[in-house]
Amino acid sequence: MSDYHWVRPANLTLPDPDENADEFWEGLKQNRLLLQVCSICSKTNYPPMVMCSECGGFDFQWTESEGGGFLYSYVVTHQPIHPSLVDYTPFLTVLIELNEGPRITSNIINIRPEEAEIGMRVRLELFQVNSEITLPLFVRESAS
Amino acid sequence: MAFMNSVTVAGVGETEYSKNSGRSELQLSLEAINKALQDAGIDRKEVDGLLRWSVDTSPEATVAANLGVEDLAWFGEISQAGNVGAALVANGAAAIHAGLANVVVIYRGVNGRSGRRYGRGDVTGRSGQGSAAYSEPFGLLTPQHGLAMMARRRMFETGVTSAQFGMVAVTERGHANRNPRATFFDTPLTLEDHQSSRLIVDPFHLFDCCLETDGGGAIVLTSTDRANSRPGPSAMIRAAVQGGYSDREFTDTAAVTLSPRLWKHAKLDPSNIDVAQIYDHFAPFVVFALEDYGFVSRGDGGEFVASGEITWESGSLPVNTSGGHLSEAYMQGMNQLIESVRQARGESTSQVQDAQFSFVDTGIGTGAVILESGE
Chain A
340 MSDYHWVRPA
350 NLTLPDPDEN
360 ADEFWEGLKQ
370 NRLLLQVCSI
380 CSKTNYPPMV
390 MCSECGGFDF
400 QWTESEGGGF
410 LYSYVVTHQP
420 IHPSLVDYTP
430 FLTVLIELNE
440 GPRITSNIIN
450 IRPEEAEIGM
460 RVRLELFQVN
470 SEITLPLFVR
480 ESAS
Chain B
-1 MAFMNSVTVA
9 GVGETEYSKN
19 SGRSELQLSL
29 EAINKALQDA
39 GIDRKEVDGL
49 LRWSVDTSPE
59 ATVAANLGVE
69 DLAWFGEISQ
79 AGNVGAALVA
89 NGAAAIHAGL
99 ANVVVIYRGV
109 NGRSGRRYGR
119 GDVTGRSGQG
129 SAAYSEPFGL
139 LTPQHGLAMM
149 ARRRMFETGV
159 TSAQFGMVAV
169 TERGHANRNP
179 RATFFDTPLT
189 LEDHQSSRLI
199 VDPFHLFDCC
209 LETDGGGAIV
219 LTSTDRANSR
229 PGPSAMIRAA
239 VQGGYSDREF
249 TDTAAVTLSP
259 RLWKHAKLDP
269 SNIDVAQIYD
279 HFAPFVVFAL
289 EDYGFVSRGD
299 GGEFVASGEI
309 TWESGSLPVN
319 TSGGHLSEAY
329 MQGMNQLIES
339 VRQARGESTS
349 QVQDAQFSFV
359 DTGIGTGAVI
369 LESGE
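If you read the sequences in order, they're chains A and B. So the first sequence is residues 340 to 483, counted in my numbering. So the second sequence is residues -1 to 373, counted in my numbering.
Hints listed in this document are in silico derivations from the structure and should not be mistaken for laboratory results. Some clues are possibly wrong.
[What the hints assert, rightly or not] With the C-beta cut set under 8 Å, the calculated list includes, among others, these residues of chain A facing chain B: (1) Asp357; (2) Ser412; (3) His421; (4) Leu434; (5) Leu474.
[Said to hold, decoys possible] Okay, the calculated bits of chain B under chain A, using three or more residues with CB under 8 Å as the criterion: (6) 134 to 141; (7) 145 to 154; (8) 187 to 199.
From the three backbone atoms N, C-alpha and C, an ideal C-beta is built for every residue, glycine too.
This is chain A alone, in the form it adopts within the complex (with noise of 0.2 Å):
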């Protein structure tokens, strides 16, 4: 296992939520990764959607996912081709599949960026950046 651990760019941009999504972001604020599902058909989006691109709905309900997933593809930043990231590369973002199905775009705190392998298994972890804002971010599970 690594012990290594991830330092989130300081001046790494933050959301800026809009008002269609404030239970997405309220429940990060609980502890709570909440995906959005279509009251009518079911169909789980993430992001939030206005509308169901399925059956048109505009009412939602939202349920919290149990967290895991896996990597489905990632990138390593080398070049700081943003202000923020200066001093912060290499600078893994990975995209993870859910069990759940939606994919969310994401960090891995505990592995090193050469580390990252398509189809490793993760779990959510939550990250507070402050406190307005709360993160959904993730470990590699142990390999026991």
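Given chain A, put chain B in place with the hints provided.
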């Protein structure tokens, strides 16, 4: 079928390509427009249509005033980013086909190196707003981040390799070395150079990435009847289509949904195409476009490139014959539209002999044009 050669690209014009133009984006556009109109043999005052990328900074009315336009009848921008060149051609050709305009100019002037630089998120960063709330906080800050994520997964699924992507860059550099206008005219590139170049956003190496360029370009559309007064071979618009969104798999490009429309309107299939310009913001996407337009089967694009099939003049489908965005200039598709016209007219520095059908994609499925060479 929509146009079927009723509209022609009657003129093309461009400035020099550089790292520091020393003049405004508006001036770059106007210089290019003047050249394109001279090429077409059309007076500035007769322009009645102006179209631009929404990311272009020179408003149509300002351009019209500088040109001395008498009556601007058709104008507009198409939103998104650099990827709308072919969509603008489709829009302008539709206006002419419908009789709503007679002479439509499409222009792009950009100080992409000395001014705002795409590669640094200066233009595209969205401060975590809208859908960016779900990507930027995790480090996906520029267009190449999202594209690299897709490329990585597609490498996993199809087995295509970085070295095969590298052969796109090497091939295009060879074409640029024949084109005196190209940024990298004097500089060769080997596969070893590509593979040893630094990683920018893994899996993209430095030489997978397009240039950042200062320059201007313009093309003039008019009816084929009118354009025929210009001497020499012409570039008739056989088909032009656009695509702005499609519901597709993560590893598909938009060409998967756009290409059936293109081939249907053109009444052609990929085997008819003699030469292709493909939007190479990043080299891997040339491979993906070859597959998703149906030039080769999914998974075969890497070998197609590596075996020399996109190389002028021996390959079966020479691609990006001016050097493309990787080695000529990054004019967001404008320089590739211009090169596609040159090929249809027989004027390229890497001319495909007897090219009848010249294909250009300006955004990996966000728009494409097929030009037919006419007398």
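Right, here's what the structure says about each hint:
1. This hint holds: Asp357 (chain A) has a C-beta 7 Å from the nearest C-beta of chain B, less than the 8 Å allowed.
2. Checking Ser412 (chain A) against chain B: minimum C-beta separation of about 4 Å stays under 8 Å; hint holds.
3. Against a cut-off of 8 Å between C-beta atoms, the interface hint on His421 (chain A) holds, since the closest Cβ of chain B lies about 4 Å away.
4. At about 6 Å, the closest approach between the beta carbon of Leu434 (chain A) and any beta carbon in chain B falls short of 8 Å, and the interface hint on this residue holds.
5. With its C-beta approaching chain B no nearer than about 6 Å, Leu474 (chain A) sits inside the 8 Å limit, and its interface hint holds.
6. Only residues whose C-beta sits within less than 8 Å of a C-beta in chain A count toward coverage, and the region 134 to 141 of chain B has 7 of them, enough to reach three; the restraint holds.
7. Coverage of the region 145 to 154 of chain B by chain A holds in this model, with 6 residues showing a Cβ closer than 8 Å to a Cβ of that chain against a need of three.
8. Only residues whose C-beta sits within less than 8 Å of a C-beta in chain A count toward coverage, and the region 187 to 199 of chain B has 4 of them, enough to reach three; the restraint holds.
Every hint, counting from the list given before, is met by this structure.
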